[in-house]
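Next come the chains, spelled out residue by residue.
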Amino acid sequence: MKNRIAVTGWHESRFSEENAAQSTPEMIFEASHGALRRAGLTREDIDTVVVGSCDTADGISISNVYSVGASGAFLKDESKIEADGSFALYYAVLRLLSGSFNTALVVSWGKGSNFSRFHYWTMQWEPFYTRPLGLSHEEILALQARAFCRRTGFEDKHAEEVLMKNLGNAEANGNAVRTLRGIQCGARGEMAAEPLRDGDLTPRTDGACAVVLENADRASRKKRIPISGFGLSTSTYFPFWRDLSRIASAGEASSIALKSAGWAIDDVDFFEVVERTPYHEAMLAEAMGVGLKDYLGGEMKRINLSGGALGADPEPATGLVRVVQAAKIIAGDCEKTANRVLTLGTSGLGYQTCIAFALGEAQ
Amino acid sequence: MKPVTSFEGRLSVPYHWHYGKVLSEFFEGLRNRKFLASKCPQCGRVSLPPTSFCGICYVPVSGDLMSISTVCRIDTFTVVRFKYPGQLLPPPYAVGVLKPVEADTRFHHLVRSENLDAINIGAAVKPVWREEREGEFFDIEYFEPVEK
Chain A
110 MKNRIAVTGW
120 HESRFSEENA
130 AQSTPEMIFE
140 ASHGALRRAG
150 LTREDIDTVV
160 VGSCDTADGI
170 SISNVYSVGA
180 SGAFLKDESK
190 IEADGSFALY
200 YAVLRLLSGS
210 FNTALVVSWG
220 KGSNFSRFHY
230 WTMQWEPFYT
240 RPLGLSHEEI
250 LALQARAFCR
260 RTGFEDKHAE
270 EVLMKNLGNA
280 EANGNAVRTL
290 RGIQCGARGE
300 MAAEPLRDGD
310 LTPRTDGACA
320 VVLENADRAS
330 RKKRIPISGF
340 GLSTSTYFPF
350 WRDLSRIASA
360 GEASSIALKS
370 AGWAIDDVDF
380 FEVVERTPYH
390 EAMLAEAMGV
400 GLKDYLGGEM
410 KRINLSGGAL
420 GADPEPATGL
430 VRVVQAAKII
440 AGDCEKTANR
450 VLTLGTSGLG
460 YQTCIAFALG
470 EAQ
Chain B
727 MKPVTSFEGR
737 LSVPYHWHYG
747 KVLSEFFEGL
757 RNRKFLASKC
767 PQCGRVSLPP
777 TSFCGICYVP
787 VSGDLMSIST
797 VCRIDTFTVV
807 RFKYPGQLLP
817 PPYAVGVLKP
827 VEADTRFHHL
837 VRSENLDAIN
847 IGAAVKPVWR
857 EEREGEFFDI
867 EYFEPVEK
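These protein sequences, in sequence, are chains A and B. Quick note on numbering: the working numbering labels position 222 of the first sequence as 331, and the sequence is numbered without any gaps. Quick note on numbering: the working numbering labels position 94 of the second sequence as 820, and the sequence is numbered without any gaps.
It is worth saying that the hints were derived from the structure and are not from the lab. These numbers come from a predicted model, not from an experiment. Treat the hints with caution; some may be incorrect.
[Stated by the list, open to error] Selected chain A positions facing chain B (Cβ under 7 Å, derived; list incomplete):
{"#": "1", "residue": "A129"}
{"#": "2", "residue": "F138"}
{"#": "3", "residue": "R146"}
{"#": "4", "residue": "G149"}
{"#": "5", "residue": "D164"}
{"#": "6", "residue": "G168"}
{"#": "7", "residue": "S172"}
{"#": "8", "residue": "Y175"}
{"#": "9", "residue": "G181"}
{"#": "10", "residue": "N223"}
{"#": "11", "residue": "F227"}
{"#": "12", "residue": "P236"}
{"#": "13", "residue": "T239"}
{"#": "14", "residue": "G243"}
[Unchecked claim] Pairs of lysine-lysine, DSS-like flavour, derived with a Cα cap of 30 Å:
{"#": "15", "chain 1": "A", "residue 1": "K185", "chain 2": "B", "residue 2": "K825"}
{"#": "16", "chain 1": "B", "residue 1": "K825", "chain 2": "B", "residue 2": "K760"}
{"#": "17", "chain 1": "A", "residue 1": "K185", "chain 2": "A", "residue 2": "K368"}
{"#": "18", "chain 1": "A", "residue 1": "K185", "chain 2": "A", "residue 2": "K445"}
{"#": "19", "chain 1": "B", "residue 1": "K728", "chain 2": "B", "residue 2": "K747"}
{"#": "20", "chain 1": "B", "residue 1": "K852", "chain 2": "B", "residue 2": "K728"}
{"#": "21", "chain 1": "A", "residue 1": "K185", "chain 2": "B", "residue 2": "K765"}
{"#": "22", "chain 1": "A", "residue 1": "K332", "chain 2": "A", "residue 2": "K266"}
{"#": "23", "chain 1": "A", "residue 1": "K185", "chain 2": "B", "residue 2": "K760"}
Beta carbons are placed, not taken as given, at the ideal position from N, Cα and C, and that holds for glycine.
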C-alpha cells in the first residue's frame, strides 16, 4: 500500500478523570473541530465521517444518531463502528481506498465518568453461562497475566518497571490523567485480582479524539503522515478457548500491517499500543515480534512514548488516541521524532481482536 | 419437569451523565421559569434547548444565553391512544412538537386541553410550571393553550 492515504489532521480533547464541564457531544465537537483546523479543512471539505463508539458506554442505542451534529456529519455520508476508535480509522481507510471518497473525518470518544466500566465490559459476555457466572474484564486480564508470567518468567518487578516507564512517559505527554508525579514510586496500591494491583489497571478517563484522512493526491501539498499498512485479526469469542499466555490476534494484526507496508519489525522506530496492564504491554511486545528481552530487565525504549493507556484510557477511543500519538511523533510534535510508528488497538474481552496501523513512508 | 428452553433476563445499567455548561444553565433557567436559548454567530439560528456549537455551520457558539418568551406554537401533534412499556401517562394524552415563538428550533412536550380534539397545529401554548422545580424538563408539567 504505497502512500495512497495520509493523516493530515488530528486533535484530542482535554483528557481528565471526570470532565464535568463538557457533555459528550461537546467533547466530540472539540476533537472534530480541532482536527479539521489542524488539517486546514472545513466541514464542507469532508466526504465521509466514521465514528468509533460504544452504545453501552454512551447509554444510547446506535449512539451515532446523537453525535451527528458534533461530529460534523449533518447531511453527510456517516457511519459507525461499535469498537475501539482505531477500527473506525480502518473503515475510513477502506472507504477512501474504494475511490468513492477523498476525505474522511474519524472520531472516537469515551466518557468513563458517565458509565460503569464493569457493565461496559461484562455486557460483552453472552447471557447463557458466562455472564451469569460473573467475571469481570479485570479478572480476564489477571488470568492472562498469570499465565504469561508462568510461561516467560516475567515477574511483578518487571510489571512495576513497565508501569513506572509509562507513567514517566505520560509526564511529557501533556494530556495524560495519571503520571509518575501523581503517584508515589512503588505504590501500586492494593492487590486487585492477582497478580494485578489497582495501579496496574488503566485510569478512568473522559476524552475524545479525531483524525482527518485525505487521499494522497489531495494531501501531497501539505504536511502529511502516510498510512502505509494495516492489519486486523480476531480470535475466539471465549477467552478460555485461547492460549491465555499469548495474544495471537496482536501478532497476526501487526504482521499483516508490516507486510502491507513492506516493513520488517526493526524498521519500526516506535510502537503505540493499548496496554490495559503493564503485563499486557510485555505480552504485546512479544506477540508483535519486538521480543521480550527488553521487558525482562532491559531498557524499554520503543513502546508507548506517550505513556499509553496506563496514562489515559478514554475507552473505547484509546486505539485512535494511539494513532494520534503516532502522528504527533512523526510530525515532530513530541520530544522524540521518528519516521515510522506502528499502532495497536484492541476490542473484545482479553484482546480478542487487534488492529494495527503502519504510519510513515512505505518501503 | 419442564424442559429447559429459555430464561428471563434483565439489564440494569447505571449512568451519570454530565450536562455540560450550556445545558446546565438551561435547566437552571427552567427552575427559574425561564427559557434560555443560544444564538449561532454565523447563521443566527436561535436554539432551545441551547447548544455550545452549531452542528450545521460547525462553529462554536459562545457568549451568554438569552432569555426568550416561553410561548410556543404547535408545529405538529399526536393524540396517543395506545399503551407501551415505560409510558409516562395512561392514554389518552397529546404530545406536541412545539416551536418557541422567539426560537428557530423545536422540542416536544405534553399538551393538555380540556378537549383533546380541539388541539390544532399553529395554536399558541404556554408552559404550566410545577410548584416544586428541580431543574429538569418536567419542571414544566405540560403546555396548555394560551387563552385568546
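Hint check results:
1. A129: Check passed: Cβ of A/A129 comes within 5 Å of chain B, closer than 7 Å.
2. F138: Holds, about 5 Å.
3. R146: Violated, because the Cβ-Cβ distance from A/R146 to chain B comes to roughly 11 Å (cut-off 7 Å).
4. G149: violated, 15 Å
5. D164: Since the shortest Cβ distance to chain B is 10 Å, the answer is violated.
6. G168: holds, 5 Å
7. S172: With a closest approach of 12 Å, the A/S172 hint is violated.
8. Y175: violated, 11 Å
9. G181: This hint holds: A/G181 lies near chain B, its Cβ roughly 5 Å from the closest one there, short of 7 Å.
10. N223: At about 5 Å, which falls below the 7 Å cut-off, the nearest Cβ of chain B leaves the hint on A/N223 intact, so it holds.
11. F227: violated, 10 Å
12. P236: holds, 5 Å
13. T239: violated, 13 Å
14. G243: A/G243 check fails; min Cβ-Cβ to chain B is 14 Å, beyond 7 Å.
15. A/K185 to B/K825: holds, 26 Å
16. B/K825 to B/K760: Judged against 30 Å, a Cα distance of about 15 Å means the pair holds.
17. A/K185 to A/K368: violated, 34 Å
18. A/K185 to A/K445: Measuring from Cα to Cα gives roughly 38 Å; hence the hint is violated.
19. B/K728 to B/K747: Violated, because 56 Å separates the two Cα atoms, which is more than 30 Å.
20. B/K852 to B/K728: violated, 57 Å
21. A/K185 to B/K765: holds, 23 Å
22. A/K332 to A/K266: violated, 42 Å
23. A/K185 to B/K760: Between A/K185 and B/K760 the Cα gap is close to 35 Å, so the pair fails against 30 Å, i.e. violated.
The earlier numbered hints that this structure contradicts are 3, 4, 5, 7, 8, 11, 13, 14, 17, 18, 19, 20, 22, 23.
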